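Line by line, the protein sequences give chains A and B.
The first sequence begins at 202 in our numbering and counts up by one.
The second sequence begins at 1381 in our numbering and counts up by one.
Just so you know, the hints here were simulated from the structure itself, not pulled from any lab data.
Only a predicted model underlies this, so the values are computations on that prediction, with no experimental measurement involved.
Be careful, since some hints might not be right.
[What the hints assert, rightly or not] The calculated EDC-like cross-link candidates involving lysine to aspartate or glutamate, where the alpha carbons are at most 20 angstroms apart (straight line), are:
| id | chain 1 | residue 1 | chain 2 | residue 2 |
| --- | --- | --- | --- | --- |
| 1 | B | K1509 | B | D1430 |
| 2 | B | K1509 | A | D256 |
| 3 | B | K1509 | A | E260 |
| 4 | B | K1509 | B | E1524 |
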Amino acid sequence: MTITLTHFLLISAILFSLGMYAVLTRRNAIMVLMGVELILNSANINFLAFSRFGDMNIEGQMAAIFVIILAAAEAAIALAIVLNIYKRFHTVNVDEISFLKD
Amino acid sequence: MYEIIFYFFAFVTVASAAVVVFSRNIIYSAFALLFTFFGVAGLYVLLNADFLAITQLMVYVGGILVLLLFGVMLTTNTVSVDIKSGSLNVFPAVTVVAAIVGLLTGVFWTSEWFMSSTMGELTSQTTSKEIGNALITTHVLPFEIASVILLVAIVGAAMMARRERVK
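Input sequences plus hints: build the corresponding full structure.
Now the structure itself:
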């Protein structure tokens, strides 16, 4: 039994749905960020799988590199926002932060 | 042998991702995320992407995970040992996620994917030379834009996270 493109796609589908579940249900803002990282990783697996099994040479890997770059930038900015929220509201639960000004 | 390695990394990835999502303790989630990133890096190696695997380990494990752990420790009262985090909207979320995973697996199973002439066989040559060439020839514009984005993100994050406001 050989490993085909579908195997990698199924792994990425499972990873995507787990990340989606974390984003939708967890109260802690940092857990939401972890869910976003899982989603980005599943997208990267798809890019690399299509890059290897399709005839795309290096193109999929280039897309994956830029996804990793954007993930790093996103994590830094999001953590700064979360720290600001904690300074102001003394909580990082996303369901308690429901107004724009105090 | 290839199959065994694939299933091992797939199991590590999926199991630790499940721990990340379903664990009540956010510290456990952060450490399970470490194993998820390792498993995904292993899958990258199986996909002929050795450079991406190393980049994944350096950026995600060395950077993003440490950043997330700092975020956990800075935003929880370790004195009151209240680092549990609850869930909300469980029923709608389960519905939406079940619909998404059903749709995705259905599409992935039933589609006739284009297969390359080499059938995606493993190569032993490294990809870093090709990636380096592509970064300074065909992909030079996204490369430069990415460097500007990283600079803006660093300055913006440091600006937002500093303690006192500039009047």
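Hints and how they fare:
1. Proximity of B/K1509 to B/D1430 is assessed by CA-CA distance (about 11 angstroms); at most 20 angstroms being required, the pair is judged to hold.
2. Distance check on the hinted pair: B/K1509 and A/D256 sit about 19 angstroms apart at the alpha-carbon level, within 20 angstroms; holds.
3. For the given pair, B/K1509 sits about 14 angstroms from A/E260 by alpha-carbon distance, which is consistent with the 20 angstroms threshold.
4. Simply put, B/K1509 and B/E1524 have alpha-carbon atoms about 19 angstroms apart, close enough for the 20 angstroms limit, and the pair holds.
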